[in-house]
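Asker: Letter by letter, the chains look like this.
2 protein chains.
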Amino acid sequence: MKITPLAIAITALTGSLNAWAAKPAAEPISPIQPAVITNPKLVELGKKLYFDPRLSKSGAISCNSCHNLSMGGTDNLKTSIGHNWQKGPINSPTVLNSRFALAQFWDGRAKDLKEQAGGPIANPGEMAFTHELAVDVLKSIPQYVAEFKSAFGTDAVDIGRITTAIAAFEETLVTPDSRFDKWLKGDKKALNEKELAGYALFKNSGCVACHNGPAVGGTSFQKMGVVEPYKATSPAEGRSAVTGKDADRFNFKVPTLRNVELTYPYFHDGEAATLEKAVDVMGRLQLGKQFTTDENASIVAFLKTLTGKQPNFKLPTLPPSSNATPQPKPFE
Amino acid sequence: MKITPLAIAITALTGSLNAWAAKPAAEPISPIQPAVITNPKLVELGKKLYFDPRLSKSGAISCNSCHNLSMGGTDNLKTSIGHNWQKGPINSPTVLNSRFALAQFWDGRAKDLKEQAGGPIANPGEMAFTHELAVDVLKSIPQYVAEFKSAFGTDAVDIGRITTAIAAFEETLVTPDSRFDKWLKGDKKALNEKELAGYALFKNSGCVACHNGPAVGGTSFQKMGVVEPYKATSPAEGRSAVTGKDADRFNFKVPTLRNVELTYPYFHDGEAATLEKAVDVMGRLQLGKQFTTDENASIVAFLKTLTGKQPNFKLPTLPPSSNATPQPKPFE
Chain V
1 MKITPLAIAI
11 TALTGSLNAW
21 AAKPAAEPIS
31 PIQPAVITNP
41 KLVELGKKLY
51 FDPRLSKSGA
61 ISCNSCHNLS
71 MGGTDNLKTS
81 IGHNWQKGPI
91 NSPTVLNSRF
101 ALAQFWDGRA
111 KDLKEQAGGP
121 IANPGEMAFT
131 HELAVDVLKS
141 IPQYVAEFKS
151 AFGTDAVDIG
161 RITTAIAAFE
171 ETLVTPDSRF
181 DKWLKGDKKA
191 LNEKELAGYA
201 LFKNSGCVAC
211 HNGPAVGGTS
221 FQKMGVVEPY
231 KATSPAEGRS
241 AVTGKDADRF
251 NFKVPTLRNV
261 ELTYPYFHDG
271 EAATLEKAVD
281 VMGRLQLGKQ
291 FTTDENASIV
301 AFLKTLTGKQ
311 PNFKLPTLPP
321 SSNATPQPKP
331 FE
Chain W
1 MKITPLAIAI
11 TALTGSLNAW
21 AAKPAAEPIS
31 PIQPAVITNP
41 KLVELGKKLY
51 FDPRLSKSGA
61 ISCNSCHNLS
71 MGGTDNLKTS
81 IGHNWQKGPI
91 NSPTVLNSRF
101 ALAQFWDGRA
111 KDLKEQAGGP
121 IANPGEMAFT
131 HELAVDVLKS
141 IPQYVAEFKS
151 AFGTDAVDIG
161 RITTAIAAFE
171 ETLVTPDSRF
181 DKWLKGDKKA
191 LNEKELAGYA
201 LFKNSGCVAC
211 HNGPAVGGTS
221 FQKMGVVEPY
231 KATSPAEGRS
241 AVTGKDADRF
251 NFKVPTLRNV
261 ELTYPYFHDG
271 EAATLEKAVD
281 VMGRLQLGKQ
291 FTTDENASIV
301 AFLKTLTGKQ
311 PNFKLPTLPP
321 SSNATPQPKP
331 FE
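Top to bottom, those sequences are chains V and W.
Everything in the first sequence is counted per the UniProt record's numbering, starting at 1 for the first residue and increasing by one.
Everything in the second sequence is counted per the UniProt record's numbering, starting at 1 for the first residue and increasing by one.
Take these hints with a grain of salt, some might be off.
For identical chains, the list gives no copy identity; a pair is met inside one copy or between any two copies.
Here are the computed lysine-lysine pairs in the DSSO-like style, where the Cα-Cα straight-line distance is at most 30 Å [claimed, not checked]: (1) 304 <-> 329; (2) 231 <-> 139; (3) 304 <-> 139; (4) 182 <-> 203; (5) 139 <-> 277; (6) 149 <-> 139; (7) 203 <-> 277; (8) 223 <-> 304; (9) 314 <-> 149; (10) 245 <-> 149; (11) 111 <-> 87; (12) 245 <-> 87; (13) 139 <-> 188; (14) 41 <-> 314; (15) 114 <-> 314.
If you are wondering where the hints come from, they were derived from the structure by calculation, not from laboratory data.
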């Protein structure tokens, strides 16, 4: 059979119609796809680095300290604890599904996960190290040197490769197979009536204007306090710190709602301890809506269907330091 | 066939002779046996509790913070970091193979792992919580309540059950299959000449008088500084703090040498950064021997053959807090 442009057009149309028939209404949230790993050695190296507290001055703080993969990729604290027990200025966002965000950090100051990964290592209030010292530490550990070579093909250990590896691991931290995604994919029994009512309200009330896409957020910066001002306990000014524009003050990256049941407390200052409170404040301040107790409960029930499959891997064993490894300095 | 006492005696004797024939010389170190898990639900619950920072006041310190299972069951710091970045008085010993020790803590003040597990939770310099608050937190988490019921058969959550579960998990943290154990079991190629020479020196020099048994230590309390006094940077007085006897001053539990390659820095004050230094100090202060550089290197080479199979399990996912869960207080 000769394939004509018309045949192609008809085939494409039929395909679209079939998809349309299977999914009668386009949903503003799309399912999370499982991670596709193209360089497993790089991901394994990044996993070790993610868990390695030797990337901090104290030798005690790792990426996993504040983005704990046993706890929804967060530390479940209002704000995190940094070097010398310093109180962080802002709530640690989850690392889970962070690959779907338009930028990293609440103010989007890092364009991607690789750029983000270098931040906390050198932040005096967080891991309080320097990129140079982090490189020195890793270069002194023979097994790490071998793993960098194996992952990258050549010997060099530098901060670019360190953050590339950490980011490659973080790219795999997606949480497919939530009940909501099962429902999206056609399993109509995956959600109960209350949860479906909550999802309808979530869409009809306008929550979905910002919380959309695969991560149910992370696709835009929005002002915290649209209808009513938000009185934050955090000093963070948001997007204006990056753009220098006054119009961007209190604009923050919309957080993902995936696994939101696990990522309490909520908001950039962590002041909402419960999902009920977060939904109530969001309704009033962002949408000018006072949800009834029942409405609030339905939305919360829907939000809890967004909990997906959590990270599923073996605890890494870190390569030991050598006699040449610089000592950690926890109390200096 | 009728089994007579004589037949039993002959069978027993033959068994002994066979064992003796296979192992021509009795070795003072015995191989680590793999863990036998009789109550997997209890072990799984204990694993979650071991990784759960909600057993601390701050919500940030778990058992795994100072006994990190990615790092030989230690934190690789001279002394640990407690609540509010307090400097601990003593080096955190490894949890790996701790089941083989005659008692727990450097001064042996806990008779077993269960008794030990309750200590750091309530120690104001460590996790700074109370047993009552720890119980309140866990009782407020429905999935934990269900897991306690499943592991113990009834509903109660109390500190006895919490520490029983943590200890049951810790009992599984053994590290079989080191190269040295392979050699012990008959694989004569498992060690090279230098390592064998190191082991011979380790025995002939008297190290083995204290470092023996399956854990290569942990079987007695001994004075730190027998031939020459040891000038510790730690204020800890050792066993006398438990017994009240002046004769027990500076007596400490002999640490295990299993996985010693991973458990740096060494001694109760963590002042020996390298194995070479630890071997040198031990030789001089405990045995009155000055090992040559070659002898020291041989013993170090032998010690590195004691690294066994590290913990091998999936990172646990912790059950989320409920709205009723008491909030962590990191900055109070």
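Asker: Could you run down the list of hints and mark each one as holding or not?
Answerer: Status of each hint after checking the structure:
Taking identical chains as interchangeable, the C-alpha atoms of residue 304 and residue 329 lie at most 30 Å apart only when they sit on different chains, with a minimum of 26 Å there against 42 Å within one chain. Taking the shortest Cα distances, residue 231 and residue 139 never come within 30 Å of each other, neither inside one copy (46 Å) nor across copies (33 Å). Only between protomers do residue 304 and residue 139 lie at most 30 Å apart by alpha-carbon distance; the minimum there is 21 Å, versus 44 Å within a single protomer. Taking identical chains as interchangeable, the C-alpha atoms of residue 182 and residue 203 lie at most 30 Å apart only when both belong to the same chain, with a minimum of 18 Å there against 63 Å between chains.
In this homomeric assembly, residue 139 and residue 277 come within 30 Å of each other (Cα to Cα) only across copies, at 22 Å, whereas the closest approach inside a single copy is 47 Å. In this assembly of identical chains, residue 149 and residue 139 lie within 30 Å of each other by CA distance solely inside one copy; the values are 11 Å within and 48 Å between copies. In the homo-oligomer, the alpha carbons of residue 203 and residue 277 lie at most 30 Å apart inside one protomer (19 Å), although the nearest pairing across protomers, at 66 Å, exceeds that limit. With identical chains, the CA atoms of residue 223 and residue 304 are at most 30 Å apart within one copy only, with a shortest distance of 25 Å there and 57 Å across copies.
Taking the shortest alpha-carbon separations for residue 314 and residue 149, both the intra-copy value of 23 Å and the inter-copy value of 27 Å come in at or below 30 Å. Taking the shortest Cα distances, residue 245 and residue 149 never come within 30 Å of each other, neither inside one copy (44 Å) nor across copies (56 Å). Taking identical chains as interchangeable, the C-alpha atoms of residue 111 and residue 87 lie at most 30 Å apart only when both belong to the same chain, with a minimum of 25 Å there against 38 Å between chains. With identical chains, the CA atoms of residue 245 and residue 87 are at most 30 Å apart within one copy only, with a shortest distance of 27 Å there and 44 Å across copies.
For the identical chains of this complex, residue 139 and residue 188 are neighbours neither inside a copy (53 Å) nor across copies (34 Å), given an alpha-carbon limit of 30 Å. Within a single copy, residue 41 and residue 314 get their C-alpha atoms as close as 15 Å, and across copies as close as 19 Å, so both meet the 30 Å cut-off. For a Cα distance limit of 30 Å, the shortest separation of residue 114 from residue 314 qualifies both inside one copy, at 23 Å, and across copies, at 26 Å.
Checked against the numbered hints above, the structure breaks hints 2, 10 and 13 and satisfies the rest.
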